[in-house]
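Enquirer: Here's the letter readout for the chains.
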Amino acid sequence: MVRPVNKKERQLPFLLLGPALLLMALIVAYPLLQALRLSLFQVSLLKPDAAQFVGMDNYRSLLKDPLFLRSVLNSVMWILGSVSLQFTVGMLGALILNKDFPGRGLVRGLSLIPWATSGVLVALMWTWMLDGNYGVLNDILVKLNIIGQYQPWLAMPTSLGGVIAANVWQGAPFFAVMLLAAIQGVPLELYEAAYIDGANKFNQFWRITVPLIMPTIMITTMLRIIWTANYMDLVLVMTGGGPGQASITLPVLAYITAYERLRVGQGTAMAVLQALMLMVALSLYLKLLQGKEEGGFII
Amino acid sequence: MNSPALIRKWKGCLFLWIPVLLWLTFILFPYGWMLITSLKPPHELYTSPIKYLPSVYTFEGYRLLLETTDFPRFFANSLVVVAGTLLITGVFATSAAYCFSRINFRGKGKFFGLFLATQMFPAVLLVFSLFFIMRKLGILNTRLALIIAHSTFSLPFTTWLLTGFFNAIPRELDEAAIIDGASRWQTFWHVLAPLAAPGLIAGLTYVFIYSWNEFVYALTFTADISARTLPVGLHTFMGEYIIRWDLLTAGGVLTGLPIVVFFMLVQRYLVQGLTAGAVKG
Numbered sequence: 034m035v036r037p038v039n040k041k042e043r044q045l046p047f048l049l050l051g052p053a054l055l056l057m058a059l060i061v062a063y064p065l066l067q068a069l070r071l072s073l074f075q076v077s078l079l080k081p082d083a084a085q086f087v088g089m090d091n092y093r094s095l096l097k098d099p100l101f102l103r104s105v106l107n108s109v110m111w112i113l114g115s116v117s118l119q120f121t122v123g124m125l126g127a128l129i130l131n132k133d134f135p136g137r138g139l140v141r142g143l144s145l146i147p148w149a150t151s152g153v154l155v156a157l158m159w160t161w162m163l164d165g166n167y168g169v170l171n172d173i174l175v176k177l178n179i180i181g182q183y184q185p186w187l188a189m190p191t192s193l194g195g196v197i198a199a200n201v202w203q204g205a206p207f208f209a210v211m212l213l214a215a216i217q218g219v220p221l222e223l224y225e226a227a228y229i230d231g232a233n234k235f236n237q238f239w240r241i242t243v244p245l246i247m248p249t250i251m252i253t254t255m256l257r258i259i260w261t262a263n264y265m266d267l268v269l270v271m272t273g274g275g276p277g278q279a280s281i282t283l284p285v286l287a288y289i290t291a292y293e294r295l296r297v298g299q300g301t302a303m304a305v306l307q308a309l310m311l312m313v314a315l316s317l318y319l320k321l322l323q324g325k326e327e328g329g330f331i332i
Numbered sequence: 011m012n013s014p015a016l017i018r019k020w021k022g023c024l025f026l027w028i029p030v031l032l033w034l035t036f037i038l039f040p041y042g043w044m045l046i047t048s049l050k051p052p053h054e055l056y057t058s059p060i061k062y063l064p065s066v067y068t069f070e071g072y073r074l075l076l077e078t079t080d081f082p083r084f085f086a087n088s089l090v091v092v093a094g095t096l097l098i099t100g101v102f103a104t105s106a107a108y109c110f111s112r113i114n115f116r117g118k119g120k121f122f123g124l125f126l127a128t129q130m131f132p133a134v135l136l137v138f139s140l141f142f143i144m145r146k147l148g149i150l151n152t153r154l155a156l157i158i159a160h161s162t163f164s165l166p167f168t169t170w171l172l173t174g175f176f177n178a179i180p181r182e183l184d185e186a187a188i189i190d191g192a193s194r195w196q197t198f199w200h201v202l203a204p205l206a207a208p209g210l211i212a213g214l215t216y217v218f219i220y221s222w223n224e225f226v227y228a229l230t231f232t233a234d235i236s237a238r239t240l241p242v243g244l245h246t247f248m249g250e251y252i253i254r255w256d257l258l259t260a261g262g263v264l265t266g267l268p269i270v271v272f273f274m275l276v277q278r279y280l281v282q283g284l285t286a287g288a289v290k291g
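Protein chains in written order, with the working numbering: chain A, 34 to 332; chain B, 11 to 291.
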């Protein structure tokens with residue numbers, strides 16, 4: 034396209050991107066730097082002017098804090114448990130939705146409803162369903178003879194499991210719809226060829242579908258890991274990290290430390306460590322990915 | 011009789027409809043149970059064994075919720091915050107996406123990457139420095155603070171979504187319009203915007219969902235009912251009305267309803283937008 038490059042035209046990108054960049058700078062970049070600084074101070078949420086410089090003390094005390102280690106372990110369980118189960122359930126959902134039946138578009142639309150539901154609302158529904166005295170899931174599980182008597186799911190040492198169940202419900206549909214789109218992109222001729230060669234459904238799935246949708250699996254899983262690692266609405270609302278500290282994850286501990294115990298410096302130090310650990314984990318994941326796949330399907 | 015055909019038909023039903031029904035139950039059961047609970051008379055919520063269906067349906071919980079609690083206020087706050095966020099993100103993301111899609115400038119790739127990188131940072135890392143910033147600006151405990159935060163954090167994904175939609179429209183169309191003497195603005199408004207309408211709908215739906223549901227910033231930046239949105243309101247209710255599940259579930263239904271209705275209207279575009287990027291990569 035031949036176009037006279039005048040001054041106005043050259044300024045256009047800045048004009049168009051300007052507002053967005055300004056917001057990003059003010060609301061993301063500046064607070065990010067500010068957070069790194071805050072993590073070196075002892076500061077209360079209520080009296081930011083009385084901040085006291087303590088250097089690396091916040092970090093040093095964390096590494097000795099058993100509660101911090103507990104929260105890291107819980108976070109690992111939270112991420113692995115949630116994402117692996119979301120993936121499994123999501124894959125089953127995708128295979129179901131991939132069949133041809135009347136009303137499939139509607140069912141696919143309904144499938145995303147949990148994903149579009151507020152975390153607090155998910156927490157509310159599941160807290161009620163998991164209630165120790167009147168929870169409907171207790172009743173169903175007893176009737177199916179899976180458990181002998183009602184369990185106070187969110188008041189037990191294993192309460193994180195109850196929260197993971199809610200998270201699986203909320204997150205599996207996202208996987209299902211993403212995987213479904215990828216599955217539908219696999220050329221049908223491949224299945225026909227395999228069928229002629231005598232491959233059964235199971236082999237077709239493992240030898241054709243899975244390898245061909247691997248890029249989507251990898252990238253969707255990565256997005257889910259980032260999201261789940263940082264996600265704290267469910268734990269905050271369903272258990273508040275309890276009973277005791279049984280279900281406390283790293284971002285929840287960081288939030289409670291800063292917001293309820295008002296120790297902002299220490300809470301922010303935890304958040305910084307969380308971001309660093311996530312970055313290391315993701316770069317390992319990306320390395321692994323690049324080793325396996327030749328090609329630039331990422332971004 | 012052709013019994014093998016009949017058996018095949020039954021088998022087809024079994025392997026198709028049972029999984030579909032199981033999947034639908036999994037998806038809809040929590041919502042269904044919340045809806046039923048909200049319509050039960052209070053004493054029928056706490057029975058042993060559990061009574062699945064109410065003897066009479068009642069809207070008492072809804073009446074109490076709307077008349078005796080701050081729920082209507084939370085609802086109004088949520089609407090205001092969502093509307094403000096839609097406006098800001100809508101305009102900013104559209105112009106940024108147009109820029110990424112249609113204008114070549116130095117460092118474009120880097121800027122785009124920067125946009126997406128902001129999605130990586132956990133809310134808990136930014137929320138307290140933002141708290142101090144909002145405090146300095148004197149907008150703590152206002153809906154404006156939430157509009158600013160929600161706009162910023164929904165911008166990158168919306169921009170990415172829209173850029174994809176704009177990129178899918180052939181550049182030749184713009185060029186033809188420009189040769190015909192249209193200005194950039196006219197080209198955008200009369201050529202690109204109508205073609206990218208599904209993308210705009212998808213983007214704005216995402217913004218609606220994000221802002222309506224957002225919890226951590228809303229919880230931290232608000233202190234009383236003057237700015238609290240629905241998620242924060244529900245959260246405080248869960249502390250205050252611990253044994254009033256009739257009220258809580260009524261609030262849940264009313265919170266979920268707008269999202270579900272809105273979502274069902276436009277889900278086709280959203281699914282298209284979400285999956286296009288992930289699959290093409």
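There's no promise every hint is true.
Said to hold, decoys possible - Using 25 Å as the maximum straight-line C-alpha spacing, the simulated SDA-like pairs for lysine to any residue come out as follows:
| # | chain 1 | residue 1 | chain 2 | residue 2 |
| --- | --- | --- | --- | --- |
| 1 | A | K320 | B | F122 |
| 2 | A | K41 | B | K19 |
| 3 | B | K118 | A | L56 |
| 4 | A | K80 | B | L154 |
| 5 | A | K176 | B | L63 |
| 6 | B | K146 | A | L311 |
| 7 | A | K234 | B | K118 |
| 8 | A | K40 | B | A186 |
| 9 | B | K118 | A | Y63 |
| 10 | A | K176 | B | Y41 |
| 11 | A | K80 | B | I143 |
| 12 | B | K120 | A | L311 |
| 13 | A | K176 | B | K19 |
| 14 | A | K132 | B | K146 |
| 15 | A | K40 | B | F121 |
| 16 | A | K320 | B | M130 |
| 17 | A | K80 | B | L31 |
| 18 | B | K19 | A | L56 |
| 19 | A | K132 | B | C23 |
| 20 | A | K40 | B | L154 |
| 21 | B | K120 | A | M310 |
| 22 | A | K320 | B | K120 |
| 23 | B | K146 | A | L66 |
| 24 | B | K19 | A | M310 |
| 25 | B | K120 | A | L59 |
| 26 | B | K21 | A | L128 |
| 27 | B | K120 | A | L309 |
If you are wondering where the hints come from, they were derived from the structure by calculation, not from laboratory data. Note that this is a predicted model, so its numbers are computed, not measured.
Enquirer: Look at each hint and say if it fits the structure.
Expert: Each hint, compared with the structure:
About 22 Å separates the Cα atoms of K320(A) and F122(B), which keeps this hinted pair within 25 Å; it holds. For a cut-off of 25 Å, the pair hint linking K41(A) to K19(B) is broken: about 68 Å separates their Cα positions. Taken as a hint, the K118(B) and L56(A) pair is honoured in the structure, with Cα atoms around 18 Å apart against an allowance of 25 Å. This hinted pair checks out: K80(A) and L154(B) have alpha carbons roughly 23 Å apart, not beyond 25 Å.
Taking the CA atoms of K176(A) and L63(B), the gap is about 17 Å. The hint holds against a cut of 25 Å. A C-alpha spacing of about 31 Å is found between K146(B) and L311(A), which places the hinted pair above 25 Å, so the restraint is violated. A distance of roughly 46 Å separates the Cα atoms of K234(A) and K118(B); the hinted pair therefore is violated under the 25 Å criterion. For the hint pairing K40(A) with A186(B), the CA-to-CA distance comes to about 23 Å; that is within 25 Å, so the pair holds.
Of the supplied pair hints, the one linking K118(B) and Y63(A) holds, its CA atoms being roughly 22 Å apart against a limit of 25 Å. Between the alpha carbons of K176(A) and Y41(B) the distance comes to roughly 21 Å, so the proposed pair stays at or under 25 Å and holds. In summary, the hint linking K80(A) to I143(B) is supported, as the alpha carbons are separated by about 13 Å, within the 25 Å threshold. Under the criterion of a C-alpha separation no larger than 25 Å, the hint pairing K120(B) with L311(A) is consistent with the structure, at around 22 Å.
Our distance criterion of 25 Å between C-alpha atoms is broken by K176(A) and K19(B), whose separation comes to about 32 Å. Pair hint K132(A) plus K146(B) does not hold up; C-alpha atoms about 56 Å apart against a cutoff of 25 Å. A threshold of 25 Å between alpha carbons decides the hint, and for K40(A) with F121(B) the separation of about 21 Å falls inside it, so the pair holds. Between K320(A) and M130(B), the direct Cα distance comes to roughly 18 Å. Compliance with the 25 Å bound is thereby established for this hinted pair.
A distance of roughly 55 Å separates the Cα atoms of K80(A) and L31(B); the hinted pair therefore is violated under the 25 Å criterion. Simply put, K19(B) and L56(A) have alpha-carbon atoms about 59 Å apart, too far for the 25 Å limit, and the pair is violated. With a CA separation close to 12 Å, the supplied pair K132(A) and C23(B) stays within the 25 Å bound. Pair hint K40(A) plus L154(B) does not hold up; C-alpha atoms about 36 Å apart against a cutoff of 25 Å.
Of the pairs offered as hints, the one joining K120(B) and M310(A) holds, with about 24 Å between alpha carbons and a cut-off of 25 Å not exceeded. Distance hint between K320(A) and K120(B) is fulfilled; the C-alpha atoms sit about 21 Å from each other, no more than 25 Å. At most 25 Å may separate the alpha-carbon atoms for a hinted pair to count; K146(B) and L66(A) meet this at roughly 17 Å. Under the criterion of a C-alpha separation no larger than 25 Å, the hint pairing K19(B) with M310(A) is inconsistent with the structure, at around 54 Å.
For the proposed pair K120(B) and L59(A), the alpha carbon gap of about 19 Å is at most 25 Å, so the pair holds. Among the hinted pairs, K21(B) with L128(A) is consistent with the structure: their alpha-carbon atoms are about 17 Å apart, no more than 25 Å. Distance check on the hinted pair: K120(B) and L309(A) sit about 22 Å apart at the alpha-carbon level, within 25 Å; holds.
Violation of the numbered hints given earlier is confined to hints 2, 6, 7, 13, 14, 17, 18, 20 and 24; the remaining hints are satisfied by the structure.
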